[in-house]
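A.B. asks: Single-letter residue listing:
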Amino acid sequence: MTAATAGAGGARATAAPAAGSPPTKHPRHLLDLAGWTAEQVHALFDTTDVMAQVMTRTIKKVPALQGFTVGTLFFEDSTRTRLSFERAARAQSADVISFAAGGSSVSKGESLKDTLKTIDAMKADLYVVRHAAAGAPLQLTRWTDAAIVNAGDGRRAHPTQALLDAYTFRTVFPGFAGFEGVELAIVGDVAHSRVARSNVELWTKLGARVRLCGPRTLLPDELGGRPGVTLTHRVEEAVEGAHAVMALRLQTERMAGGLLPSLAEVRERYQVTRARMRLAHPDALVMHPGPMNRDVEIEGVLADDPRSVVERQVANGVPVRMAVLYTLLVGSR
Amino acid sequence: MSDTRHGGDRPTPRTVLRGARLVDARGDHGIHDLWLAGGSVEGIDLGGDAELEIDARGLVATPAFLDPHVHLRTPGQEEKEDLASGLAAAAAGGFGTVVSMANTDPVVDDPAIVADLAAQAAALGLARLRPAAALSVGLKGERLADYAALRAAGAVMITDDGIPVVDSHLQRRACEYARELGLVIQTHSEDPSLRQGGVMHEGAVSHELGLPGNPAEAESIMIFRDCEVARMTGARVHVAHVSSERGMRVVEWFKAQGAPVTCEVTPHHLTLTDEAWRAFDPVIKVAPPLRTADDVAYLRDAVRRGVVDCLGSDHAPHTRAEKDRDALRAPFGLPNIEVAFPLLYTDLVLAGELDLARLLELLQGGVARVMGWPAPTLAAGTPADVVLLDLDTEAAVDPAAFLSKAKFSPWEGRALRGWPRVTLVAGRVAFSRAR
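Listed in order, the protein sequences are those of chains A and B.
Each residue of the first sequence is one higher than the last, beginning at 1 in the numbering used here.
Each residue of the second sequence is one higher than the last, beginning at 1 in the numbering used here.
The set of hints was computed from the structure by calculation and includes no laboratory data.
Careful: at least some of the hints might be erroneous.
Unchecked claim - Pairs of lysine-lysine, DSBU-like flavour, derived with a Cα cap of 30 Å: (1) B:Lys405 - B:Lys140; (2) B:Lys407 - A:Lys113; (3) B:Lys407 - A:Lys117; (4) B:Lys255 - A:Lys113; (5) B:Lys405 - A:Lys117.
As the list claims (entries may be wrong) - Sample of chain B residues facing chain A (criterion: CB under 10 Å; computed from the structure): (6) Val199; (7) Val205; (8) Ser206; (9) Gly210; (10) Pro212; (11) Asp281; (12) Ala321; (13) Lys323; (14) Ala327; (15) Ala330; (16) Thr346.
Where a beta carbon is used, it is the ideal one built from N, C-alpha and C, also for glycine.
From just these sequences and the hints, can you work out the full model?
C.D. replies: Structural data, given as structure tokens:
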């Protein structure tokens with residue numbers, strides 16, 4: 001592992017299309033990143049740069065999506081993600097309708113299709129969908145003409161989180177010169193993590209390598225099958241020389257489910273700490289998709305350390321999601 | 001199995017099936033006229049007048065199929081299926097007799113329910129119904145149901161199918177008691193604690209898709225227990241829907257020791273894999289789950305080698321709305337009884353993997369052996385339960401045309417051959433489809 005791989009040269013070779021050429025055709029939905037090319041992702045990041053600039057203005061609003069309606073369908077609660085999407089829609093002057101399914105007819109056994117059909121009568125152009133079941137956003141594409149953005153489905157995918165993580169690395173890592181040679185370590189409950197799955201998909205697509213780390217109960221061997229991905233059960237091995245270290249939220253119910261021993265043992269063996277970060281690349285970033293359990297998966301003081309970019313991740317969520325909404329609604333027309 | 005009440009008091013016309021190729025467990029008898037009268041096979045190439053004449057030229061006449069494993073959802077879940085729709089669907093699939101599972105609402109743990117189901121079904125005159133009864137009261141896995149009374153009412157099998165019997169002691173006592181009554185015990189062999197909330201086979205695909213997995217070992221471990229209890233008690237135990245190589249190897253191991261066990265496989269476990277989950281359509285959500293291509297290959301090989309005793313469709317209808325739920329909340333089970341034969345004829349026989357005779361054995365004599373019934377043939381004097389199969393015409397699976405209430409299918413649009421044209425039960429036409 002050399003320490004210099006990430007900073008080896010000047011400007012990133014831009015993948016943006018030449019002026020006058022037609023824009024690359026991206027998929028109609030953002031369900032995961034499987035159908036997106038690295039080129040399309042870089043183009044999205046370029047759009048994100050523009051959106052990020054908007055968010056620095058006194059008046060943080062542009063008319064880009066005026067006349068469009070964005071619906072947020074959260075079958076599973078996530079105030080943070082929902083607010084981030086709604087901010088991203090309103091900052092571009094889109095109308096927003098919100099549907100929170102917790103405690104509604106959905107929990108009484110209404111089918112996914114019936115729920116969507118009811119909401120769809122309100123004629124949104126795009127739905128942002130969070131669901132506890134993998135594949136639910138894909139199922140919805142069968143029953144509506146609107147575009148679907150996956151805001152997290154079960155353990156499967158959370159593509160905008162991965163996009164904002166990679167975008168954050170791109171904008172914050174000193175001397176960033178592309179993802180080739182970058183080593184990302186993801187530590188914790190990988191098996192249950194849609195964030196981990198989407199980051200593996202995205203970062204390897206962009207040319208980085210990903211090390212997945214966790215106890216065997218939370219890191220099945222099958223997750224190591226992809227090129228550019230390695231597995232380890234030793235956190236020191238995962239962190240050594242890494243350019244970014246991402247700690248995943250550890251849900252305490254995993255202990256009750258027999259997947260983990262005591263919290264103390266988990267901390268001892270897998271916590272991302274200041275001491276362990278000394279093994280990483282000198283400029284390594286500490287990332288966390290939130291919400292954090294301080295002093296469980298991440299040492300509390302490390303979260304406040306200058307190299308922690310947790311707040312930058314949250315802040316970048318808005319321009320990344322602005323770019324996603326813009327690209328899906330306008331970019332293809 | 002002749003049932004004089006079947007079809008009520010409607011007359012049984014003297015019928016001739018003209019120019020059929022007659023195939024049964026005794027062999028391929030060539031082209032003849034098959035005569036039926038009074039609910040039985042009368043004979044071959046007889047003379048006299050026929051009240052009903054069926055042109056069977058170009059068709060194969062063979063004993064109607066038997067299915068040891070269907071869910072007809074009656075009583076209590078008639079929105080999914082009822083006796084009329086389920087038994088019509090069975091006849092459309094070429095089945096003359098089906099064994100219905102007991103996981104209804106209320107559960108079939110009461111002799112009155114068994115008798116009522118049998119009487120209602122007989123009056124319909126479609127496929128014959130032979131109800132299974134619950135192993136435990138209310139399928140709760142706590143107390144034995146009244147097997148003797150249930151048998152007297154017409155129950156032919158004991159099973160908590162749908163819900164594995166967790167308590168090994170209860171399984172033992174059920175086997176001991178059923179043995180003395182000559183009843184076969186059917187098991188849904190999955191260890192619930194290892195299966196957990198798994199909705200699909202646990203493996204590379206489930207980890208990639210992020211869906212909760214159900215490992216093959218949840219099946220093989222429970223099959224081991226169920227076979228070991230069969231050996232211990234001497235009871236006849238029939239392992240339902242074996243889905244994995246590991247599970248099948250356990251069955252083979254016990255069979256090699258002479259344990260009194262039999263097993264079935266389903267049409268879906270022989271033709272679909274966990275890769276189908278990539279489309280995220282819960283229509284293919286079944287228990288036990290669809291396994292890998294290696295498992296499918298092993299099951300097919302076990303069918304060829306004679307380890308598999310019979311097919312069981314595990315026809316398990318649900319409403320479309322229930323299957324339009326998400327992957328976690330959609331119910332387990334799919335309808336397949338109307339496509340079972342064409343599917344397996346096309347994918348196994350026409351593909352050169354299996355002889356037609358062996359496929360028929362799995363649907364006729366194999367089931368009879370498991371159930372302790374006489375093997376069906378076309379011999380004079382046997383029940384006139386006959387299916388006419390069109391092995392040549394190709395047609396696409398059209399779920400909208402299903403007679404089952406569950407009008408969806410993972411094989412929708414598949415071009416298949418081997419469609420049943422006419423199914424006769426007790427000498428009467430229970431189903432016919434225009435050519």
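A.B. asks: In ascending order, which of the hints set out earlier in this document are inconsistent with the structure?
C.D. replies: Result: hints 4 and 16 break, sorted rising.
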